[in-house]
Amino acid sequence: MYQRVGRFTLYSFHQNGRHECEFDNFLSTYDTAENTQNINKMAAALREFAKRGVDRRRFRPKGEGPVDALLAGPDNLRLYIIPCSADSLIVGNGCFKNEAILQNVPECKKAWDLMMELDKALKGRLLDKSIYWEENWDGNLSYCELAGDLYFELGNC
Amino acid sequence: MTTKLDLIYERVPAHTKLMVSKSFDISERILDILEEKGWTQKDLAEKLSKKESEISKWMKGTHNFTLETISKIEIALGQTILDTSNSRKQEDVENGIMVFKNVRADSLIGGNKHIPIISVDDSPIILYKMKKEINF
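Chains A and B supply the protein sequences, listed in that same order. So that you can map any letter, position 157 of the first sequence is 157 in the working numbering, and since no number is skipped, the others follow by simple counting. Just add 157 to wherever you are in the second sequence, counting from 1, and you've got the working numbering.
Hints are not guaranteed to be accurate.
Unchecked claim - Here's a subset of chain A near chain B, in silico, CB distances under 7 Å, partners left out:
{"no.": "1", "residue": "N35"}
{"no.": "2", "residue": "R47"}
{"no.": "3", "residue": "R57"}
{"no.": "4", "residue": "R60"}
Derived by calculation from the structure, the hints in this document are not laboratory data. None of these values were measured; they are calculated from a predicted model. Every residue gets a Cβ at the ideal spot worked out from N, C-alpha and C, and that includes glycine.
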């Protein structure tokens, strides 16, 4: 879990050997003077999702699979996200990508592939129930969070 | 625990937060209309001669919609997205306003001189219908 805001939970994931999770790595890489406005918009959008919940209609049902992206700026800085439930999002890494296809931008492909693999592994574990949604309480506020075996071995790790 | 995102969010200017919130409102309105009509984002993209990916981008809440884009979307959907009509102002005109008049000041020798600096016809001030005159 990266952060919980009320009922809403933001998840990211941590690769072995890295001192930051993927989302913090994205922020460390792209939160530069020339990208401040883009990152500000993304931060505001993530907080807006926390307030309003995740409206599935915002995501293309037949888009690039389960992984979608928050985009900002004319150069299309993108942050890869997976809508998990009405109250949760997984945020990963990102890149700049305009009209170029994914395969031609290695940085994007790497971040996107990792999200796709994570989504596949997560769905598998939700099906075999080694990962499940657990209802918790914070005072009078109930919220659901992912629990169980959240350690994954993906790709060439 | 304070996260990196918290630190960034703290510095986000109020106008950016408001812009993103409005962008969410606009995209939510578009999504509601699409649902009402049984249209997909692809249908809207076709109507606007845009790529579906462009419409998808608009729906994420970070897009800064221009009035031109909103107008084009409204025409394509045949419905209003942004309701900033002058209906409120019109309502005020129809209801009229009350005029408070200082009778004593007006009765003083010479009276109050209200000299228009520009002619009424050129005035940018909207003329209101007088509802009631209250003397004091």
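Going through the hints against the structure:
Using the Cβ-Cβ criterion of 7 Å, the hint placing A:N35 at the interface with chain B is not satisfied: the shortest such distance is roughly 11 Å. Interface restraint check for A:R47: the shortest CB-CB distance to chain B comes to about 6 Å, inside 7 Å, so the restraint holds. With its C-beta approaching chain B no nearer than about 5 Å, A:R57 sits inside the 7 Å limit, and its interface hint holds. Look at A:R60: its Cβ gets to within about 5 Å of chain B, closer than 7 Å, so that hint holds up.
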